[in-house]
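If you read the protein sequences in the order shown, they are chains L and R. If you use our numbering, the first sequence corresponds to residues 663 to 951, in order. If you use our numbering, the second sequence corresponds to residues -17 to 260, in order.
Honestly, the hints are just simulated from the structure, not real lab data. All values derive from a computational prediction rather than experimental measurement. Note that CB positions come from ideal geometry on N, CA and C, so glycine has one too. Mixed in with the good hints there might be a few duds.
[What the hints assert, rightly or not] DEER-style ranges, computed between Cβ atoms:
| # | chain 1 | residue 1 | chain 2 | residue 2 | range |
| --- | --- | --- | --- | --- | --- |
| 1 | L | Pro912 | R | Glu95 | 26 to 32 Å |
| 2 | L | Glu899 | R | Phe74 | 30 to 36 Å |
| 3 | R | Pro89 | L | Glu899 | 50 to 56 Å |
[Stated by the list, open to error] Calculated cross-link-like contacts (lysine-lysine; reagent style DSSO-like; alpha-carbon spacing at most 30 Å):
| # | chain 1 | residue 1 | chain 2 | residue 2 |
| --- | --- | --- | --- | --- |
| 4 | R | Lys205 | L | Lys916 |
| 5 | L | Lys916 | R | Lys247 |
| 6 | R | Lys207 | L | Lys916 |
| 7 | R | Lys54 | R | Lys105 |
| 8 | R | Lys179 | L | Lys805 |
| 9 | L | Lys873 | R | Lys205 |
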Amino acid sequence: MKEIIIISGKGGTGKTSLVAAFSSLAENKVLCDADVDAADLHLIMEPAVVRGADFQSGNSAAINKDACTECGLCREMCRFDAISADYIVNPVDCEGCGVCVHFCPETAIDFPVNTCGEWFVSDTRFGPMVHARLGIAEENSGKLVTLVRQEARKLAEEKNLDLILTDGPPGVGCPVIASIGGASAVLIVTEPTVSGKHDMERVAQLAGHFKIPAMICVNKFDLNLELTRKIENYAKEKGLSCLGRIPFDPVFTKAMIQAQTVFEYDGQSTVGEAIRGTWQQLAENLELG
Amino acid sequence: MIISVASGKGGTGKTTVATNLALSIGSQVQLLDCDVEQPNAHLFIQPVFDRTETVTTPVPEIDLGKCTLCGKCGEICEFKAIVVVAETVLAFDELCHSCGGCMAVCPEDAITEKGRELGVLQKGHRNGIEFIHGKLRVGEAMSPPLIKEVLSYRDPAKLTIVDAPPGTSCPVIEAMKPADFVLLVTEPTPFGLYDLKLAVGAAKILDIPCGLVINRSDMGDQKVKEYAANENLPILMEIPFDRRIAEAYSRGDMIVDVMPEWKAKFMELFEKIKSQLN
């Protein structure tokens, strides 16, 4: 089984639109949205939820006012300044370390488990999909990413599918690290802007750090040809294969507004041809059947 | 005053708005780039950096000479970052949240703290703008402590503009938390709107007033405007799609440098934010 994660470093380079388009082309796959923090793939896939569950992870402190003597030890020991002067724990600041719970001389602090979000297994017109919703301002996005990836893998095994196509998060931090560990390869979707190049380089380094093979494609390549060439040269230097160039085209936005992939919106577009070529390269590199 | 520029969705134009706003206002401004995973503002501001420092977070260091292998450190740790196995103690620095619990609980005083490198913080300036950003070490997962460190450089005598990371989880909350006003940059697309609603939710949880900038305002539909009207969210600026802006951005040029007429529009944005706060 192969698992390919689409990442970008910089946000807004077209990851999700491209994953949606690939889902028209790929066969025998499970779709997975690992951008749990701002999940958007479902807006095109319109998944019908088959089953779902709460995502519980970590704990938060809660002070029992009746038992509290306001001795101040918890406030003194909390390194996250999460306890106010009137002894109320701010859930946004609480790290869930349990230090206050352990040291409270009156055992006046409870430590309930957090429900941080939900995850779903769904059916879509392109096959099964695993996705999630992290609660706003919640922590543990990395753990939720790990969970949706595990569920996608289970589903692929159950249904005898040989590919997991995953929409990854932007950045290089916790959720991205959780998204790419152990994957067959990552595809970095970048754009020819100084920030696109800068962020692509950092996420390519991250893939290298975890020894995950990385490939590159340049979206909106015609916005700045000189930078497109610089990005491709960088990729060659670092031994990353360049899968293709995709032109700037408002068809991406138009398709998104109709909740369609670019192929569904317009079967003949130039952008569609470029994506088809990119996908063929990717399938060859991954040796997909 | 602190203005945090956030978005939910990535690539909507946070950095464009934050940098052009800072440059338009010009004096008594500091720009703090808190998108420490992928800091980009320096590519546009091109500051002269005069200071770079390594930022660390405390993690346990165990003196095995004093340790009796009692296991209390492993019991208190919620993050499985320290554990007694066989005849030794193992610490997994990258899992440690720096709460200090193991050190406090150790009955033998066998635990002290050392620093684990999170990344670097750089300080510089351009045209009177004070510029600070953090850069997370590639391979490091934990960004909030580095964001906190960048924010600690806030100068209350100045206007502080914060370039926040995308999303709505802990790093964004960290970058929004101290703000007096959250400026949400969005685009009029289904992805833009969906993620905007999450970002508005985050501002509401923190109880901070917010307003919108709609970027590429003519490339999409009307649903962001309908949402803003229903939620009583002020639309403070619209930036239509203009290939000249896109190309300037691609090169790292500032809109206000390439198209100086935009300076007045960014000043107007600043005035509108101020009047929202009054």
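Going down the list of hints, with the structure as the test:
One distance hint, 26 to 32 Å for the beta-carbon pair Pro912 (chain L) and Glu95 (chain R), is violated here, with the actual separation near 54 Å. Checked against the given bound of 30 to 36 Å, the beta carbons of Glu899 (chain L) and Phe74 (chain R), roughly 34 Å apart, stay inside it. For the pair Pro89 (chain R) and Glu899 (chain L), the supplied restraint of 50 to 56 Å holds, since their beta-carbon distance comes to about 55 Å. For the given pair, Lys205 (chain R) sits about 14 Å from Lys916 (chain L) by alpha-carbon distance, which is consistent with the 30 Å threshold.
Distance restraint check for Lys916 (chain L) and Lys247 (chain R): the Cα-Cα separation of roughly 28 Å lies within the 30 Å cut-off, and the hinted pair is therefore satisfied. A hinted pair counts as satisfied when its Cα atoms are at most 30 Å apart, and Lys207 (chain R) with Lys916 (chain L) qualifies at roughly 17 Å. Taking the CA atoms of Lys54 (chain R) and Lys105 (chain R), the gap is near 41 Å; set against the 30 Å cutoff, the hint is violated. Simply put, Lys179 (chain R) and Lys805 (chain L) have alpha-carbon atoms about 23 Å apart, close enough for the 30 Å limit, and the pair holds.
A C-alpha spacing of about 43 Å is found between Lys873 (chain L) and Lys205 (chain R), which places the hinted pair above 30 Å, so the restraint is violated.
Checked against the numbered hints above, the structure violates hints 1, 7, 9; every other hint is satisfied.
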